[in-house]
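Novice: Residue numbers (the working numbering), protein chains in the order written: chain Y, 1 to 344; chain V, 345 to 688.
Just to be clear, a hint being listed does not mean it is correct.
Distance condition first, Cα-Cα at most 25 Å in a straight line; then the derived DSS-like pairs of lysine-lysine [stated by the list, open to error]:
hint, chain 1, residue 1, chain 2, residue 2
1, Y, Lys52, V, Lys486
2, V, Lys396, Y, Lys52
3, Y, Lys117, V, Lys390
4, V, Lys490, Y, Lys52
5, V, Lys396, Y, Lys111
Calculated from the structure, these hints are not laboratory results.
Small disclaimer: the values here were computed from a predicted structure and weren't measured.
2 protein chains.
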Amino acid sequence: MTDQKIAPTRRPLTLRDVSEASGVSEMTVSRVLRNRGDVSEATREKVLEAAKRLGYVPNKIAGALASQRVNLVAVIIPSLSNMVFPEVMTGISEVLDETPLQPVVGVTNYKPEREEKVLYEMLSWRPSGVIIAGLEHSDASKAMLKAAGIPVVEIMDTDGQAIDAAVGISHRRAGRMMAQAILKAGHRRIGFLGTKMPLDHRARKRFEGFTEALAKEGVEIADQEFYEGGSALAKGREMTEAMLTRTPDIDFLYYSNDMIGAGGLLYCLDQGIDVPGQVGLAGFNGVELLDGLPRKLATMDACRSEVGRAAAKIIAERTESGEGGGERIELSPKIEIGDTLKRR
Amino acid sequence: MTDQKIAPTRRPLTLRDVSEASGVSEMTVSRVLRNRGDVSEATREKVLEAAKRLGYVPNKIAGALASQRVNLVAVIIPSLSNMVFPEVMTGISEVLDETPLQPVVGVTNYKPEREEKVLYEMLSWRPSGVIIAGLEHSDASKAMLKAAGIPVVEIMDTDGQAIDAAVGISHRRAGRMMAQAILKAGHRRIGFLGTKMPLDHRARKRFEGFTEALAKEGVEIADQEFYEGGSALAKGREMTEAMLTRTPDIDFLYYSNDMIGAGGLLYCLDQGIDVPGQVGLAGFNGVELLDGLPRKLATMDACRSEVGRAAAKIIAERTESGEGGGERIELSPKIEIGDTLKRR
DNA sequence: GTGTCGTATGTTATCGCTAACATGTTTTTG
DNA sequence: CAAAAACATGTTAGCGATAACATACGACAC
Numbered sequence: 001m002t003d004q005k006i007a008p009t010r011r012p013l014t015l016r017d018v019s020e021a022s023g024v025s026e027m028t029v030s031r032v033l034r035n036r037g038d039v040s041e042a043t044r045e046k047v048l049e050a051a052k053r054l055g056y057v058p059n060k061i062a063g064a065l066a067s068q069r070v071n072l073v074a075v076i077i078p079s080l081s082n083m084v085f086p087e088v089m090t091g092i093s094e095v096l097d098e099t100p101l102q103p104v105v106g107v108t109n110y111k112p113e114r115e116e117k118v119l120y121e122m123l124s125w126r127p128s129g130v131i132i133a134g135l136e137h138s139d140a141s142k143a144m145l146k147a148a149g150i151p152v153v154e155i156m157d158t159d160g161q162a163i164d165a166a167v168g169i170s171h172r173r174a175g176r177m178m179a180q181a182i183l184k185a186g187h188r189r190i191g192f193l194g195t196k197m198p199l200d201h202r203a204r205k206r207f208e209g210f211t212e213a214l215a216k217e218g219v220e221i222a223d224q225e226f227y228e229g230g231s232a233l234a235k236g237r238e239m240t241e242a243m244l245t246r247t248p249d250i251d252f253l254y255y256s257n258d259m260i261g262a263g264g265l266l267y268c269l270d271q272g273i274d275v276p277g278q279v280g281l282a283g284f285n286g287v288e289l290l291d292g293l294p295r296k297l298a299t300m301d302a303c304r305s306e307v308g309r310a311a312a313k314i315i316a317e318r319t320e321s322g323e324g325g326g327e328r329i330e331l332s333p334k335i336e337i338g339d340t341l342k343r344r
Numbered sequence: 345m346t347d348q349k350i351a352p353t354r355r356p357l358t359l360r361d362v363s364e365a366s367g368v369s370e371m372t373v374s375r376v377l378r379n380r381g382d383v384s385e386a387t388r389e390k391v392l393e394a395a396k397r398l399g400y401v402p403n404k405i406a407g408a409l410a411s412q413r414v415n416l417v418a419v420i421i422p423s424l425s426n427m428v429f430p431e432v433m434t435g436i437s438e439v440l441d442e443t444p445l446q447p448v449v450g451v452t453n454y455k456p457e458r459e460e461k462v463l464y465e466m467l468s469w470r471p472s473g474v475i476i477a478g479l480e481h482s483d484a485s486k487a488m489l490k491a492a493g494i495p496v497v498e499i500m501d502t503d504g505q506a507i508d509a510a511v512g513i514s515h516r517r518a519g520r521m522m523a524q525a526i527l528k529a530g531h532r533r534i535g536f537l538g539t540k541m542p543l544d545h546r547a548r549k550r551f552e553g554f555t556e557a558l559a560k561e562g563v564e565i566a567d568q569e570f571y572e573g574g575s576a577l578a579k580g581r582e583m584t585e586a587m588l589t590r591t592p593d594i595d596f597l598y599y600s601n602d603m604i605g606a607g608g609l610l611y612c613l614d615q616g617i618d619v620p621g622q623v624g625l626a627g628f629n630g631v632e633l634l635d636g637l638p639r640k641l642a643t644m645d646a647c648r649s650e651v652g653r654a655a656a657k658i659i660a661e662r663t664e665s666g667e668g669g670g671e672r673i674e675l676s677p678k679i680e681i682g683d684t685l686k687r688r
């Protein structure tokens, strides 16, 4: 009975509550809370005190509607679980933390129809920009992105036509580079191991670049193996075993990602196979994990955090200045020889 | 000149545009787009056609403000990069996909002040519920959560006082269980290896439970080692080497997570150490990665995707019915003996 | 002392949508 | 065939904030 004024209704607080509690207009409260315009030090303190005491949290929904500004950046990626996108996210956050913008993540699981749905949901919140993985999207998705009238950055891939801006590496080129390095090291009987996902366009492009560069030297893939689901490390072991059994004269294994490559490496070491003397190995991505392996797997860095940073920077600058468009940044994947690819 | 009607201004579309294009009121368009109330089949089609043709995407900001409903669930987690939270996320998505609710992720990097900021940001969008990792929060964060008047589920930990609902395991108990299993296997010279993060309360509680259960049998930690930053796998190797050099009579290594445990395991195998004969090993988490290791590391499953599912279910049910509160679900971590802990 | 300026505050009109109610139109029913 | 019920649509009034434009007030110049 004594504290009936302290915890009245469970109605959410509004600017009006703070304004009444501090004896100024709603507008002045709004100004204080946003650090905008001229407010005297005295009222500023009065208002902040009241807001804190009441535990007021502004309603961004109303704010966004009134100001026609939403400080969110939609980030649409296929997966969180493969180590690559978390790192991109880190790069994005790093840059956006310096701005009023905030990333909001949507995950598509490599499914175009999910991408479409996630995109629709996110655009319906009218974000300030979109960062989306890949260049392949459904027509509907592309139409939405074009119609949104906000900066769009497609990341991780530059082999194709971008809607607006693009930041990434050429996976075809990455595949070619790796093929050249492998050929140069003297290998000719080369096997490929990858995922079964036909919708992972970047893996596909790497494979295409790879086979193309081999073909140029008259070499063909000696064997190939694909997996889906399960622990990538374990799958790498299994596939490697299967391939080495089926095609014993193989002298190089190219994996479409580092995780299965690591599994393959562990298998070979277990079996006492001389790496890279008898069989050479290479993966793709440059994940941190590889540092702890008994032998360092050859790989190629996809510049993930750099991609994230560059994409975020484009959105941030464009949001601030309103100028720009169509930026295109192609980063160079760096090959890391490691211990599983012969030098020269 | 000919297509001036097709691409007029770059002004974002509103309900009014669709309403004019289809010759009905805005309200009717709204009803069609939300599948609400009675609309004749004829007008429904007319409206959908117009909306599609124009490429209209509803403005959820306005919708949310008007309806006082926001179908977002704030998910606040410390990190994306350690394999554990992506799996929780998967569980959450699985359940929310069946509902109109949508998860929105915020990352705190284990920093209370960041948690506070992220929470404030998210609450300012007035979500339907909050799923937040851990039971330890700043006073301000707790106050915000209480004042929000929405379902709050604290996940991953049940050792402490929850604000509202809680789903997780007892890390103290997990630590105790592992200690008991290790003692039972006959080990007495036990080393602990973990992260330096004082703010990872769950790791801390596991350690406390662990030492407590050892103490009960008169055993003390023989040596300990902590790391921060870098590749967990590599750090696991380094720390293991350091500890085995410094305290050669150690016969068991307990790692605070599977990744450093895996590093330790690889190191021991490299060195030709008999595992678990000479030295036993155990980690924590039950990450998928372990399946591919040469020997399966003993670990304890934290029921991550189950936690995500249960938490999401609580939010979903409470949002729908408006009833409930204070749910508490303590899951039982299961010990996985693997190949690095002697049986019996 | 009056006019002008600058600072601090208040007022009014949206923002794009939806709840709630009002209105028209058709169908049903006794 | 009138009245009630069922359906289909429209109208009005906010939701909680902010932009843009007042207005009040003291300081200062001349």
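Novice: For every hint, state whether the structure bears it out.
Specialist: Okay, the hints, checked on the actual structure:
no., hint, verdict
1, Y/Lys52 with V/Lys486, "holds (14 Å)"
2, V/Lys396 with Y/Lys52, "violated (46 Å)"
3, Y/Lys117 with V/Lys390, "holds (22 Å)"
4, V/Lys490 with Y/Lys52, "holds (14 Å)"
5, V/Lys396 with Y/Lys111, "holds (22 Å)"
In summary, the structure is inconsistent with hint 2 from the numbered list given earlier, while agreeing with all the others.
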